[in-house]
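The listed protein sequences derive, respectively, from chains A and B.
Using our numbering, you'd call the opening residue of the first sequence number 4 and step up by one each time.
Using our numbering, you'd call the opening residue of the second sequence number 4 and step up by one each time.
To be clear, the hints were calculated from the coordinates, so they are not data collected in a lab.
Warning: the hint list may mix true and false statements.
Note: identical chains are not told apart, hence a pair may lie in one copy or across any two.
[To be verified] PhoX-like mimics (lysine-lysine), calculated; alpha carbons at most 20 Å apart, straight line:
#1 K415 / K296
#2 K286 / K296
#3 K295 / K361
#4 K200 / K475
#5 K293 / K110
#6 K293 / K7
#7 K63 / K415
#8 K361 / K7
#9 K475 / K267
#10 K365 / K388
#11 K194 / K475
#12 K111 / K295
#13 K421 / K267
#14 K63 / K22
#15 K286 / K110
#16 K364 / K286
#17 K110 / K296
#18 K267 / K365
#19 K388 / K415
#20 K297 / K415
#21 K365 / K190
2 protein chains.
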Amino acid sequence: MQIKELLLQSPSQQTVTVKGWVRTKRVSSSVAFIAMNDGSTIHNIQAVVSDGVVSEETLKLVTTGSCIAVTGILIPSQGQGQSVEVQVTAIQVYGTADPEKYPLQPKKHSLEFLREIAHLRPRTNTFSAILRIRHALAFAIHQYFNNHGFFYLHTPIITGSDAEGAGEMFRVTTLPAINPPLTEDGKIDYKEDFFGKETNLTVSGQLEGELGAMALSKIYTFGPTFRAENSNTTRHLAEFWMVEPEMAFFELTDNMNLAEDFTKSLISYALENCADDIAFLEKRLLEEEKMKKKEEQSEMTLSEKLRFVSENTFERLTYTEAIDILLQSKPHKQGKFNYPVAWGIDLQSEHERYLVEKHFKKPVILTHYPKDIKAFYMKLEDDGKTVRAMDVLFPGIGEIIGGSQREDDYEKLLQRTKDVGIEEDSIWWYLQTRQFGSAPHAGFGLGFERLVLFVTGMSNIRDVIPFPRTPKSAEF
Amino acid sequence: MQIKELLLQSPSQQTVTVKGWVRTKRVSSSVAFIAMNDGSTIHNIQAVVSDGVVSEETLKLVTTGSCIAVTGILIPSQGQGQSVEVQVTAIQVYGTADPEKYPLQPKKHSLEFLREIAHLRPRTNTFSAILRIRHALAFAIHQYFNNHGFFYLHTPIITGSDAEGAGEMFRVTTLPAINPPLTEDGKIDYKEDFFGKETNLTVSGQLEGELGAMALSKIYTFGPTFRAENSNTTRHLAEFWMVEPEMAFFELTDNMNLAEDFTKSLISYALENCADDIAFLEKRLLEEEKMKKKEEQSEMTLSEKLRFVSENTFERLTYTEAIDILLQSKPHKQGKFNYPVAWGIDLQSEHERYLVEKHFKKPVILTHYPKDIKAFYMKLEDDGKTVRAMDVLFPGIGEIIGGSQREDDYEKLLQRTKDVGIEEDSIWWYLQTRQFGSAPHAGFGLGFERLVLFVTGMSNIRDVIPFPRTPKSAEF
Chain A
4 MQIKELLLQS
14 PSQQTVTVKG
24 WVRTKRVSSS
34 VAFIAMNDGS
44 TIHNIQAVVS
54 DGVVSEETLK
64 LVTTGSCIAV
74 TGILIPSQGQ
84 GQSVEVQVTA
94 IQVYGTADPE
104 KYPLQPKKHS
114 LEFLREIAHL
124 RPRTNTFSAI
134 LRIRHALAFA
144 IHQYFNNHGF
154 FYLHTPIITG
164 SDAEGAGEMF
174 RVTTLPAINP
184 PLTEDGKIDY
194 KEDFFGKETN
204 LTVSGQLEGE
214 LGAMALSKIY
224 TFGPTFRAEN
234 SNTTRHLAEF
244 WMVEPEMAFF
254 ELTDNMNLAE
264 DFTKSLISYA
274 LENCADDIAF
284 LEKRLLEEEK
294 MKKKEEQSEM
304 TLSEKLRFVS
314 ENTFERLTYT
324 EAIDILLQSK
334 PHKQGKFNYP
344 VAWGIDLQSE
354 HERYLVEKHF
364 KKPVILTHYP
374 KDIKAFYMKL
384 EDDGKTVRAM
394 DVLFPGIGEI
404 IGGSQREDDY
414 EKLLQRTKDV
424 GIEEDSIWWY
434 LQTRQFGSAP
444 HAGFGLGFER
454 LVLFVTGMSN
464 IRDVIPFPRT
474 PKSAEF
Chain B
4 MQIKELLLQS
14 PSQQTVTVKG
24 WVRTKRVSSS
34 VAFIAMNDGS
44 TIHNIQAVVS
54 DGVVSEETLK
64 LVTTGSCIAV
74 TGILIPSQGQ
84 GQSVEVQVTA
94 IQVYGTADPE
104 KYPLQPKKHS
114 LEFLREIAHL
124 RPRTNTFSAI
134 LRIRHALAFA
144 IHQYFNNHGF
154 FYLHTPIITG
164 SDAEGAGEMF
174 RVTTLPAINP
184 PLTEDGKIDY
194 KEDFFGKETN
204 LTVSGQLEGE
214 LGAMALSKIY
224 TFGPTFRAEN
234 SNTTRHLAEF
244 WMVEPEMAFF
254 ELTDNMNLAE
264 DFTKSLISYA
274 LENCADDIAF
284 LEKRLLEEEK
294 MKKKEEQSEM
304 TLSEKLRFVS
314 ENTFERLTYT
324 EAIDILLQSK
334 PHKQGKFNYP
344 VAWGIDLQSE
354 HERYLVEKHF
364 KKPVILTHYP
374 KDIKAFYMKL
384 EDDGKTVRAM
394 DVLFPGIGEI
404 IGGSQREDDY
414 EKLLQRTKDV
424 GIEEDSIWWY
434 LQTRQFGSAP
444 HAGFGLGFER
454 LVLFVTGMSN
464 IRDVIPFPRT
474 PKSAEF
């Protein structure tokens, strides 16, 4: 039985066996107290070993990090905290952990240090809590979509099209790195490559997702996406997970309604199903906040922030309205923004944060961005200069969702692909969906790690994915 | 409302709007019958247009493949099949589909042809049924693990380690393809590459999955994996999805129990939740079977086969016992096998099929393979020559699951890595889990597409993934 279940049992002298890793061992006169954890919950179970029950040699092997099975009687806990503990009758040591060598001794470790031992950090309270929350959010996503008539579509990871026009992609190849085959005019002969053409890792499943929506009506993707961007920040990963729903017959307002209901529902799910882990991370965060200056401390605790988002209506306004608010704002008038504000600019993080954290103090959905700063596939508004885009901005996170109604008019879409320099040949299949049974449709992308960041209250994206991939780092 | 829900309504003169793609239009004297589908179900809804209700021009645009919204009264169906139909009062045409150009006309298309238009094939009955079943199975996987205390772990896609020693991997790089930076001794200078070393697409998340299990006890992965194998068969994809559970404190028998319960539960879920789609595919399969010779026809229908697997106990035996059965078999004695049978061989497809389809006539779990034909991480049996491996073999599919108890002894594991030539430096983190709190543990990998093949009764793996990636093919 896992420790999570065991802690819920009523003790009635039943014999139990618990398997897990030793967090701490404390020896007082004639009794040893062993705190064990198996990752099923943030809580440890205490195993109490009376003098003489277990041999000296065995007990000596029970150190922090070792893995053991204890058998004993489940009794009401003598100490504070837990309701039950195990009165040990036998211990089996599965694997030791030399205290001189095991890096996770019971003391405070920096997040930086833990990143270097990402193979062991899931054994800490903080990371096991994060990983359990990450799991719960992933499950909530699948459950939400399944309950709402969406089909999970596995869009390809290796792609021959560069439709986002992003450029910053990873090449996927089996050609020899030295002396690859060349064509007569001295270029790489990609016909000789595995797929017979140049291929890359996908930056988004959206375009293929749209193909699914134009047949199954409502689909979503949930898979890894990649950016070969050389940015070493707390917000960027080279490999991250995206959730991308795409819906036929949805217009911009339907898209906003879905995005809001979806994110609220995920956060509610975490609050209900990860209460203990969130409470632990909240406490951790409070301790961290104490180190900060008063004015930098958060006004809300983690769970207050989560409840606030899940219970309040998101503010919806257009980009143009947002620019007006920014132009009227104190930081703009006092020259405190680092970037200038004017209609047409790509909003900077400082602008988004002002809107979300200072002006509205809640999540904001910005719509109708200028077409020139948004992707080619977004539906052109009748004004000819804005597109039916929407970005959902969260406090502390910034953009957590980006989406739009898609251009469903063949001629307009074709024109946009030409404008931005995408070769028609490379996305003939995408264009065809507008030639054959086109329909209004919309969708968005949720950066999964950003959601996990928000729900866990962590501040570095490398700490919410098991094995982060960043420039010059692909260990484990 | 989606068509799936609409078909369940009781008709009471309510006004409804249905949006979807036209499958067929049939005009008889004064009435037009339009069969519409929105991908939510295999069933169409019939829209009946009486003379004069809709303009001639509009009705002319309603052709196979066009996308429309019809508004009308939900009435009891006059014809056979469905219980309700829509008496149309208005039609809005979203997108036309020129009958001269739209490739999916209402006639039989070959699967080969449909693969070339993978962007449109989800609009066919066969592929929409497959994709809905694929979704249902994926959801069932997440639900099963969530209900059983497993945590979904996102293991990395880009990996710096080649621990499977497979060799057939895709290189991931941002180095220039022509004139890449070289070291002084003329080799590629991978220090200049994005991750500062040579990186590849993962062939399995198992090793990282084990790291998770050694902290959280029970984890699973469900993500894309890659093989740069140049094999153009009906069973191989370069990009496919794997499910890999990994459990601390599980030994081989626990592992087998889980694998059996898991697969049965998935198949039961599909039978319960995809009855209509399975019925459609069963009918399709029966028609296909009619083309075959009597002796090649299946003895069971698709749903019979699925129920048979979900309701019967899998046969468990050792590799050594299997070899004995094969040595005693008619095909061996009559020299009908193409490959020789002897202890130590890697079982060929013909051998597995004989065991599963002829001898036992049910799924088989083979255990205790010779160590020399299995991976380095499998736990060595006390006999010193076999490992605690298990393969689950399914009728018509062959190996659907491969797994093992893992070697948890540091010295033995280290020896095996040396034997097979894996550099200690490249998996120091994997080895460390056996130095710090090691525990018995086990896991397996389920090829998701093979499961979908089995449940849909399809015969080519390219037809059960939305956009297949195979040698010389990465379209869409």
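Structure-based check of all given hints:
For a Cα distance limit of 20 Å, the shortest separation of K415 from K296 qualifies neither inside one copy, at 52 Å, nor across copies, at 53 Å. In this assembly of identical chains, the alpha carbons of K286 and K296 lie at most 20 Å apart only when taken from the same copy (18 Å versus 70 Å across copies). Proximity of K295 to K361 under the C-alpha cut-off of 20 Å is restricted to the intra-copy arrangement: shortest distance 19 Å within a copy versus 71 Å between copies. Within a single copy, K200 and K475 get their C-alpha atoms only as close as 27 Å, which misses the 20 Å cut-off; across copies the closest is 8 Å, which meets it.
Taking the shortest Cα distances, K293 and K110 sit within 20 Å of each other inside one copy (19 Å), while across copies they are farther apart (70 Å). Taking identical chains as interchangeable, the C-alpha atoms of K293 and K7 are never at most 20 Å apart, the minima being 31 Å within one chain and 54 Å between chains. In this assembly of identical chains, K63 and K415 lie within 20 Å of each other by CA distance neither inside one copy nor across copies; the values are 75 Å within and 24 Å between. Proximity of K361 and K7 under a CA criterion of 20 Å is satisfied in neither setting, with 41 Å inside one chain copy and 45 Å between copies.
Proximity of K475 and K267 under a CA criterion of 20 Å is satisfied in neither setting, with 36 Å inside one chain copy and 44 Å between copies. In this assembly of identical chains, K365 and K388 lie within 20 Å of each other by CA distance neither inside one copy nor across copies; the values are 28 Å within and 64 Å between. Taking CA atoms no more than 20 Å apart as the test, K194 paired with K475 passes between copies only; the shortest distance there is 8 Å, against 30 Å inside one copy. Proximity of K111 and K295 under a CA criterion of 20 Å is satisfied intra-copy only: 18 Å inside one chain copy versus 69 Å between copies.
Taking CA atoms no more than 20 Å apart as the test, K421 paired with K267 passes in neither setting, with 38 Å inside one copy and 51 Å between copies. Only within a single protomer do K63 and K22 lie at most 20 Å apart by alpha-carbon distance; the minimum there is 18 Å, versus 71 Å between protomers. Taking the closest pair of Cα atoms, K286 and K110 come within 20 Å of each other only inside a single copy of the chain (16 Å); across copies the shortest separation is 64 Å, beyond that limit. Taking identical chains as interchangeable, the C-alpha atoms of K364 and K286 are never at most 20 Å apart, the minima being 23 Å within one chain and 58 Å between chains.
For a Cα distance limit of 20 Å, the shortest separation of K110 from K296 qualifies neither inside one copy, at 25 Å, nor across copies, at 72 Å. Taking the shortest Cα distances, K267 and K365 sit within 20 Å of each other inside one copy (13 Å), while across copies they are farther apart (46 Å). Taking the shortest Cα distances, K388 and K415 sit within 20 Å of each other inside one copy (13 Å), while across copies they are farther apart (67 Å). In this assembly of identical chains, the alpha carbons of K297 and K415 never lie at most 20 Å apart, being 52 Å within a copy and 55 Å across copies at closest.
For a Cα distance limit of 20 Å, the shortest separation of K365 from K190 qualifies neither inside one copy, at 53 Å, nor across copies, at 54 Å.
In terms of the numbered hints stated before, the structure departs from hints 1, 6, 7, 8, 9, 10, 13, 16, 17, 20, 21, listed from lowest to highest.
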